[in-house]
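Residue numbers (this note's numbering), protein chains in the order written: chain H, 1418 to 1572; chain Z, 1418 to 1572; chain D, 1418 to 1572.
Please note that a few of the clues may not be correct.
Copies of one chain are not kept apart here, so a pair can be met inside one copy or by any two copies together.
As the list claims (entries may be wrong) - BS3-like mimics (lysine-lysine), calculated; alpha carbons at most 27 Å apart, straight line:
id : residue 1 : residue 2
1  : Lys1459   : Lys1443
2  : Lys1477   : Lys1443
3  : Lys1458   : Lys1443
Hints in this document: simulated from the structure, not taken from any laboratory.
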Amino acid sequence: MAEVVHMIDNEVFLAFSTYATIVILKMMLMSPMTSYLRLTKKVFANLEDTTLVTSTEDKKKMVRVDPDVERVRRCHQNDLENIIPFVLIGLLYTLTGPDLSIALLHFRAFVCSRLFHTVSYVLALPQPSRALSWMVGMAVTISMAYRVLTTAVYL
Amino acid sequence: MAEVVHMIDNEVFLAFSTYATIVILKMMLMSPMTSYLRLTKKVFANLEDTTLVTSTEDKKKMVRVDPDVERVRRCHQNDLENIIPFVLIGLLYTLTGPDLSIALLHFRAFVCSRLFHTVSYVLALPQPSRALSWMVGMAVTISMAYRVLTTAVYL
Amino acid sequence: MAEVVHMIDNEVFLAFSTYATIVILKMMLMSPMTSYLRLTKKVFANLEDTTLVTSTEDKKKMVRVDPDVERVRRCHQNDLENIIPFVLIGLLYTLTGPDLSIALLHFRAFVCSRLFHTVSYVLALPQPSRALSWMVGMAVTISMAYRVLTTAVYL
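Please take these sequences and the hints and turn them into a complete structure.
What follows is the structure, encoded as structure tokens:
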């Protein structure tokens, strides 16, 4: 395990590992948030789920679409579309051996932008707050991809 | 390639590699399952897809939403939301050098929970079977994330 | 960073890194394509987004579903379901030390198939063009998963 210990001692890799874990946990938080909304608002996607809150009445009425649940789900979907590319490209970026300060700038900007994105999405803050936070995240990932492709390309 | 051979000789990494591949293949299986249901039930999302089963009649009627297809798609979406975080955090977890027995416990519990989750979702088993299997998967990923963040943090 | 430099000198890893980055960037391109269609066709998923194009009239009418936007979103979803498994299994495959020529064959076939898949989805080309391109991508990922599982299994 010499090389693994070696990698885990690399500060850029440690920073990547920390920020990637934080932002993935943030993404996973959307699942319990959806469940919580579904249980409190009694809005389900599957008929069998209605037994979680009741065993008698109008179960079919509970299988419907609710705007608040859909909002959280759209936020979760946007996380999948943005956070996973960040983690995958971020891993390759880390292996190109960037400067620690520049790497930290990328990771911190991304995590902050996604936290702000979630707040502005869930609370429906006036635009362009959500659009701008999304753009910062995209810019970070594209900047890292640029470094990966310019450091070493093999087509 | 000395270090790659080294890593591939690491038993925890081998176990991660095996279980991650199995659970990703399980997730990918939802795509052909959706296609199969679409073709046999003649339910499509795109007008051009209707030519796969017919060239004459009411094509527009085939572009509709079917509860069975949507159920499989929701299961696929839940896989994306849970299996991908497991693989990404699992990779970082593997690099922290955990005990083989504890790592195996995590990987096996996750894969079993997701197999059971798929069965309980597709067959619409009574709740809380699906909810519990989902919670086990979440708990495994959060436990691995906790180890990543406590082993080495660089903010 | 000796082992990182070592890994980055590995030609198979370099090829993986290049093709994975290209195909992830392609996937990320679907987001601005969706935004562009939403802004030009004035079709939004959130009420607050309508202020991006207007500040007066029928805002509620702009929160609707449009077939062209949904087509791009389905293409994006299909990318998530196929490209992310490719990148994750491709990383494990790269670590099994495959022949460079065989690895390149896999990576090139996958990237070409997904580029063709996007074109055939967005332009609604007659089937089975999209179905075939999707199958090529699936076959590549399954072939890589087969190599991972046959090279070294630890259950």
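- Ascending list of hint numbers which this structure does not respect: Hint 2 is the one this structure does not satisfy, whereas the remaining hints hold.
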